[in-house]
Amino acid sequence: MSAAAGARGLSLGRIVLYAILGLFAIFYMLPLFVMIVTSFKSLDEIRLGDMLGLPQQPTADAWFAAWQTSCIGLTCEGLKGYFWNSIKMVVPAVFISTILGSLNGYVLTKWRFPGHRWVFALMLFGCFIPFQSVLVPMALILGKLGIAGTTAGLVLVHVVYGLGFTTLFFRNYYEAFPNELIRAAQIDGASFFQIFRRIMLPSSGPIIVVTVIFQFTNIWNDFLFGASFASGDSAPMTVALNNLVNTSTGVREYNVYMAAAIIAALPTLLVYIISGRYFVRGLMAGAVKG
Amino acid sequence: MSVEQTVEAVPQVLAARNQPRPDSPAGLWLQRHLPNLVLTPSLLAIGLFVYGFILWTIYLSFTRSKILPVYAFVGTEAHQRLWSTPNWYKALENLAIFGSLYIIICLALGLFLAILIDQKIRGEGLFRPIFLYPMALSFIVTGTAWKWFLNPGYGLQKTVQDWGWTSFTFDWISSTDMAIYTVVIAGVWQVSGFVMAMFLAGLRGIDNDMLRAAQIDGASAFNTYRRIVIPQLRPIFLSAFVVLAHMAIKSYDLVVALTGGGPGNATELPATFMYSYTFTRNQMAIGAASAVVMLAIIAAVIIPYLYLELKEKKS
Amino acid sequence: MGFLEIRNVKKRYGGTDVLKGIDISIEQGDFLVLVGPSGCGKSTLLNLIAGLDQLSEGEIWINGVMVNDLHPSKRDIAMVFQSYALYPNMTVAENVVFGLEMRGVPKPEREAAVAEVAKILQIEHLLTRKPSQLSGGQRQRVAMGRALVRKPLVFLFDEPLSNLDAKLRVEMRTEIKRLHQNMGATIVYVTHDQIEAMTLATQIAVMNGGEIQQLGSPKEIYNRPVNTFVASFMGSPSMNMIPAVLGNGGVEIASGNGAPISLRLPANGRGPNAASGRKVILGLRPEAVTDPGAADRNGAVTDANCHVEVVEPAGSDTFAVMRLGGVEVIARMRADTDLKPGQTAPFAFNMEKAVLFDPQSGNRID
Chain R
1 MSAAAGARGL SLGRIVLYAI LGLFAIFYML PLFVMIVTSF KSLDEIRLGD MLGLPQQPTA
61 DAWFAAWQTS CIGLTCEGLK GYFWNSIKMV VPAVFISTIL GSLNGYVLTK WRFPGHRWVF
121 ALMLFGCFIP FQSVLVPMAL ILGKLGIAGT TAGLVLVHVV YGLGFTTLFF RNYYEAFPNE
181 LIRAAQIDGA SFFQIFRRIM LPSSGPIIVV TVIFQFTNIW NDFLFGASFA SGDSAPMTVA
241 LNNLVNTSTG VREYNVYMAA AIIAALPTLL VYIISGRYFV RGLMAGAVKG
Chain S
1 MSVEQTVEAV PQVLAARNQP RPDSPAGLWL QRHLPNLVLT PSLLAIGLFV YGFILWTIYL
61 SFTRSKILPV YAFVGTEAHQ RLWSTPNWYK ALENLAIFGS LYIIICLALG LFLAILIDQK
121 IRGEGLFRPI FLYPMALSFI VTGTAWKWFL NPGYGLQKTV QDWGWTSFTF DWISSTDMAI
181 YTVVIAGVWQ VSGFVMAMFL AGLRGIDNDM LRAAQIDGAS AFNTYRRIVI PQLRPIFLSA
241 FVVLAHMAIK SYDLVVALTG GGPGNATELP ATFMYSYTFT RNQMAIGAAS AVVMLAIIAA
301 VIIPYLYLEL KEKKS
Chain L
1 MGFLEIRNVK KRYGGTDVLK GIDISIEQGD FLVLVGPSGC GKSTLLNLIA GLDQLSEGEI
61 WINGVMVNDL HPSKRDIAMV FQSYALYPNM TVAENVVFGL EMRGVPKPER EAAVAEVAKI
121 LQIEHLLTRK PSQLSGGQRQ RVAMGRALVR KPLVFLFDEP LSNLDAKLRV EMRTEIKRLH
181 QNMGATIVYV THDQIEAMTL ATQIAVMNGG EIQQLGSPKE IYNRPVNTFV ASFMGSPSMN
241 MIPAVLGNGG VEIASGNGAP ISLRLPANGR GPNAASGRKV ILGLRPEAVT DPGAADRNGA
301 VTDANCHVEV VEPAGSDTFA VMRLGGVEVI ARMRADTDLK PGQTAPFAFN MEKAVLFDPQ
361 SGNRID
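Protein chains in written order, with UniProt numbering: chain R, 1 to 290; chain S, 1 to 315; chain L, 1 to 366.
Derived from the structure by calculation, the hints contain no laboratory data. Treat the numbers as computed from the prediction; the structure is a model and nothing was measured. In this text, a Cβ means the ideal position worked out from N, Cα and C, and glycines have one as well. Hints are supplied without guarantee of correctness; some may be wrong.
[As the list claims (entries may be wrong)] Label-pair distances were calculated between CB atoms; the ranges are: (1) Arg277(R) with Gly184(L): 33 to 41 Å; (2) Gly13(R) with Gly218(S): 17 to 25 Å; (3) Tyr71(S) with Gly73(R): 43 to 51 Å; (4) Gly264(S) with Trp84(R): 47 to 55 Å.
[Unchecked claim] Cross-link-like lysine to any residue pairs, in silico, SDA-like; alpha carbons within 20 Å at most: (5) Lys144(R) with Lys158(S); (6) Lys158(S) with Lys80(R); (7) Lys311(S) with Ala121(R); (8) Lys80(R) with Gln68(R).
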């Protein structure tokens, strides 16, 4: 039908349609555009106004400053340390929560026990709770465990509160996986873990990608847990960015702030650009089940 | 029939082909319970970290905890103090404004964009990712960007004035009356593309033959959508509503990055209220009481939804 | 004791009895078909034999070993599933030997086993493919290969042909029969298709409502059904069930108009000894009602005129539908019969094949 429309040429309705879509595209792109151009301007140029104008004398100074020399809290070593904090937090947290989620989904679909539906419902509700309602006990427990204010503590937090989602993803995926395959494998003599490793996992590629992306995005972008449980040098990227922008004193270096914001957004944006399809699928699976 | 009542897993069997050999009692026990053993750590973790902690928080809201928790039960004192705090009412009022606008605009805009994209347009592969990419960003990044964009001294207002429209003002972010609406704008900007994607998936799932039948029945495009398509998107409306509602109630990062709750307490939300009373104002019991209220609001939205979803799955 | 012995096996799900005490005993090399309408418990019974489901009561013995508490992999059985259940991530060869691999059979032996089975099933050219690249019939062969390679004591087939189209189904049926003849395997086979049951089985168990209605050879089941359920379930078109009254060494049937038809029963002592005037159901296979010219005249054959309502040519035969004793009766005629609907024509009733049932209990009267 689109080919036919093309052959007919653009009707008035079509022109309006594209105009509206174009306007919204501008609405969605504008903040990103402004961030990018601002990050390449000098402070002097920013003071001249014209936020939308391209930089007259493009400079990457703000980027270097954001990465290496900007002051966050009392230290002035830029974001780089916090970037690595986030990496050190995200990688194990995503890995562990995905593995556990896949095992949970496997048990909840293929090795059912009476009450499995209740167990799943309780796990699912855990996804939706406002984390404010667990914040204080978590802080106390992390203190007791001696991992308050550390990356290890954040990994634990993200694994626990990501489990509901990862279990949900794998459960819904394995639900459609034929039970007869499991029966055949049982007759073939495969054990619980052999069935998982040899038959379930090799067919789980898409859902693993979806889960990893979803968890990566969520954990990287988290602020509340980072702000609550990670202090000073172990803070993740989002907390550092907020500290840089909102608690620093002296001259407000908007170009550095914008560069810092882009740096903070880059990993998840890259994931989105590379694998948008899976990204959307994860979002949908988290919202609309099945 | 599912595998529900079936036999348990075996560890690798090296038994000769034609000689069945019974397992040892310990082996049998392990076979029978291995799946449950695998699930147990997760269940314990969720039991403790979700439900245990919720109970703990509820208990704290019945104490006089200040900077540190104390465990003497004093009844509803903290709740009474919470509900006599003007700031808390401001937070609830803001949540009502922000939540309702955020949900309504996201639903309307998401549906509108989805319908536009569904017109077999060219460049769908361009528009869709552009509408959706903000969802990949952290709320902190979004807040930082919009804070700059809405800054009266450097941002949109200044730029438009420099273009020659000198009377143009857009200083909501520094206005106590209007600042909450800037949170709505930034929130909508971030999430509406995702709502669009949900609706688009729903639209793509509608049977094409039905649309052809409507065409033959002489329905206009407008009526086709109003009478046939949109009513069929009801489940999507429900899901999107639940997602948006729970995001609105939990909204914290965006406000922190965009307005810091200000000017004054103009953009205070329950989430920021809870955080500041618990961690900076050292009124832990009141903070806990506010967290309990947040949990109750979310539970009122989520539990019926989960009940419906899981019940449908059953049949 | 039989090679496969099922003793008083019961299965309950929640409050419902799915199997109400099943007893079956077959010998090595037997081909047992469990047949019945859906929900009769035949698949449940197969799963119990496989060990995929736990029985509530009773015992299952395979080759002298009580297997109740043995894991499926230790019962020395192999199963072919309705959906084939091929592992999607493995090649055909890997699928076939997975069971041997899990049992720790060394690689050279496994490879030899695949080669042997692939040759028997003519799937040598498919060994490196994935299941998704196979047609339905090819998947079926691979699923059978996976069972064959194990050389188990008992093969279990769960409606293996029901996902194939009609032509392929007939081909594969022959193939399975040939395999059974060549290998002398012991097979338990579940189907709802009575033709599959007749063609394949050495023993048929007709099941309904969680009970075995009749266990016997295909011939016994077909010719001497124990009750009206078995009689009407087996055979296509199914057996005519005509209300009749005993009398004068034969039966009388009310015909739509005119005098009742009187049919003489064979005098071989198999006829019922019951008193005259007793109401019965006369069971007659369609092929026992035919053109007088085509009838087998040895024995108790009676000719009678009947009114033909519908004529259905089916290629190899033509079926004539008439109304006798208030029910529709189907006669199997020669293909070239010149019967016309509305005509009254003579038919030969071969009472040698007649079976009488009690109208109340539905059981056969001897």
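(message) I'd like to know which numbered hints this structure contradicts. Please list them from smallest to largest.
(response) 1, 3, 4, 5 and 6
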